[in-house]
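Number of protein chains: 2
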Amino acid sequence: MTSLGMIEAAAGRLEGHARRTPMLNSPFLDEIAGRRVLVKPECLQHTGSFKFRGGWSAVSALEPQVRARGVIAFSSGNHAQGVAMAARQHRIGAVIVMPSDAPATKIANTRALGAEVVLYDRATQDRDAIGADLAGKRGLSLIRPFDEPQVIAGQGTVGLEIAQQAAAHGVSEADVLIPCGGGGLSSGIALALEGRAPGLRARTVEPAGFDDVARSLASGRIERNNRLSGSICDAIVTPEPGRITFPILQRLCGPGLAVSDDDALHAMALGFSRLRIVAEPGGAVALAAALLHGSELRGDAVIAVVSGGNVDAALFCTALERFAP
Amino acid sequence: MTSLGMIEAAAGRLEGHARRTPMLNSPFLDEIAGRRVLVKPECLQHTGSFKFRGGWSAVSALEPQVRARGVIAFSSGNHAQGVAMAARQHRIGAVIVMPSDAPATKIANTRALGAEVVLYDRATQDRDAIGADLAGKRGLSLIRPFDEPQVIAGQGTVGLEIAQQAAAHGVSEADVLIPCGGGGLSSGIALALEGRAPGLRARTVEPAGFDDVARSLASGRIERNNRLSGSICDAIVTPEPGRITFPILQRLCGPGLAVSDDDALHAMALGFSRLRIVAEPGGAVALAAALLHGSELRGDAVIAVVSGGNVDAALFCTALERFAP
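Protein chains in written order, with this note's numbering: chain B, 1 to 325; chain L, 1 to 325.
Hints are computed from structural coordinates only; laboratory data are not their basis. A quick note: this is a predicted structure, and the numbers were derived from the prediction, not measured. Do not rely on the hints blindly, as some may be mistaken.
The list cannot tell twin chains apart, which means a pair is met if one copy fits it or any two copies do.
[Stated by the list, open to error] Below, simulated DMTMM-like cross-link-like pairs (lysine to aspartate or glutamate); rule was C-alpha separation at most 20 Å, straight line:
(1) Lys106 <-> Asp121
(2) Lys137 <-> Glu116
(3) Lys137 <-> Asp126
(4) Lys106 <-> Asp234
(5) Lys106 <-> Asp30
(6) Lys106 <-> Glu321
(7) Lys106 <-> Glu31
(8) Lys106 <-> Asp312
(9) Lys137 <-> Glu63
(10) Lys106 <-> Glu116
Build out the structure end to end from the sequences listed, making use of the hints.
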């Protein structure tokens, strides 16, 4: 079970390897939101998302002789790149199991980060069986994307930084809005804030129609999404909350929020013009909630995490064409 | 005359007001450049460019009773917004004199930052006369965009940060490439590096065809540009090097570089996809030189300053359509 001590230990291991991302703000965003807005841009992290922190934390926590045999992960997205880079910097092998219909650039980027990419056919092959076979034969350690205490600890280092940076900005009470898929980032930040900034309240943000976490928080039990495709916020669409993350979210988070795809595109455009950062749709949902769903928030300030910035140029330009001032 | 001590004093006044921008890198950019590439993204500074530093430095250096009467600046671009925001945060008035044909969004943004915008007709009115009249009547202090020791000191704080951050990355010898208009940023950084990281050599980068500084450095005397329009890098096109900045550049900088508009667009696209930052064309010329003009550089590493990120969505998307991977 992830504790504040584990998050602080992860921060120690990440020192000099992960970036301490800045805290950004703009008077133009404050005006739109009707309150102070602080933005934590993890799109500026190595590999373009917070996933590098969890990957590094998990890889660096392995026993050296176990780590030396290499790691394995299932992902076609940000987790793949985070684990691949963390493994390369530890000079160990990483196997990333990806569907053969994943975008060519994502496969190429993961390979370019030094990982061995194993492709499987979604229609005919069992991903878990392939992974288990490889892991068994080669002694690889599986790095899960969120239901893994050391991954949660790594993502929680974002929360330690938010606690310090919010204090430096004079903000001690605020909702902290976090893009949420399986809940690794949200649960890690919630634990860090519980220990270091109890006036800051973590809240998950999801795409409307894929708000399994918000519904689970409301009902008190794990609820599933009816479908897993049809949102541009694909990076944060997961079947259901994690078994490890959900109890943490349940204990510590305020009510979950959900925003439309158009809200996410609108926030991407405002991130471009007012903060000069690149956010991916799933990475922009918390900023969207901060700017466009103010009636659902409390307090004079709000903090929004932008969790990633790996977005195709065409989709980014769609956001700008529709919503840039 | 700006000294290292003045730059350090400016850094003290900027503490808690300007952002300490991070130092970014990507293995993908290292591969393109054939050497390590470190990027200092001043597009993430308040108002989207380094100009906030110089504005704050100059405003904060005024005697309180002089400052209280307000400041004035001539600019339709980044200097206007930097001075406007610095003035507002000092709770003093700022008058910004802008041509009446400046883009409406720039006028609106400058007003939104609390400045009084005075428009003049480029064809029929004398900008300097308007400014002198206003300054005289109201006791305003003129904040020049680059030929002003306290402005240079403020921009030089970028150099202090580069010296520290390069050392933290283990880089002690490298060319430091800087987008250059009048030379305020370049001369400030060069002075800071001279004192704090003598193995780092400042070099100016300009748009091809508007390389007055490179030609002046080569000839040893101030050379002018033949024309002032026709580059997309408008933010860094100036008639000639500054009278105060040029002797500093001459003493401390390596040979000047120049890049094409296409190179700048290409660098903007790589900044988007590999660093998730928004660079404006003039702000991207040093990154372009680092990535695409490697044969003109020396050493195993290069540092590039991205000086600003205030760019229209349409032009940004042109860069992505043409050059994003």
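Up to 20 Å between alpha-carbons, please classify Lys137 paired with Glu63: within, between, both or neither. within (19 Å within a copy, 73 Å between copies)
Intra/inter-copy verdict for Lys137 and Glu116 if alpha-carbon distance must be at most 20 Å: This pair counts as within: shortest intra-copy Cα distance 15 Å, inter-copy 71 Å.
Alpha-carbon proximity between Lys106 and Asp121, which holds within one copy, between copies, both or neither at 20 Å: within (16 Å within a copy, 51 Å between copies)
Within a copy, between copies, both or neither: which one fits Lys106 and Asp234 at a CA-CA cutoff of 20 Å? For Lys106 and Asp234, the Cα distance is within 20 Å only inside one copy (14 Å; across copies 35 Å).
Up to 20 Å between alpha-carbons, please classify Lys106 paired with Asp312: within, between, both or neither. within (10 Å within a copy, 28 Å between copies)
Measure nothing new, just compare the shortest in-copy and cross-copy C-alpha distances for Lys106 and Glu116 to 20 Å and report within, between, both or neither. within (13 Å within a copy, 48 Å between copies)
Same-copy or cross-copy closeness of Lys106 to Glu31 [CA-CA at most 20 Å]: between (37 Å within a copy, 17 Å between copies)
With 20 Å as the alpha-carbon cut-off, assign the pair Lys106 and Glu321 to within, between, both or neither. Intra 25 Å, inter 19 Å, cutoff 20 Å: inter-copy only.
As a check of your reading, is Lys106 near Asp30 (CA-CA no more than 20 Å) within one copy, between copies, both or neither? This pair counts as between: shortest inter-copy Cα distance 19 Å, intra-copy 35 Å.
20 Å Cα cut-off: does Lys137 pair with Asp126 within a copy, between copies, both or neither? within (17 Å within a copy, 80 Å between copies)
Of the numbered hints stated above, none is contradicted by the structure.
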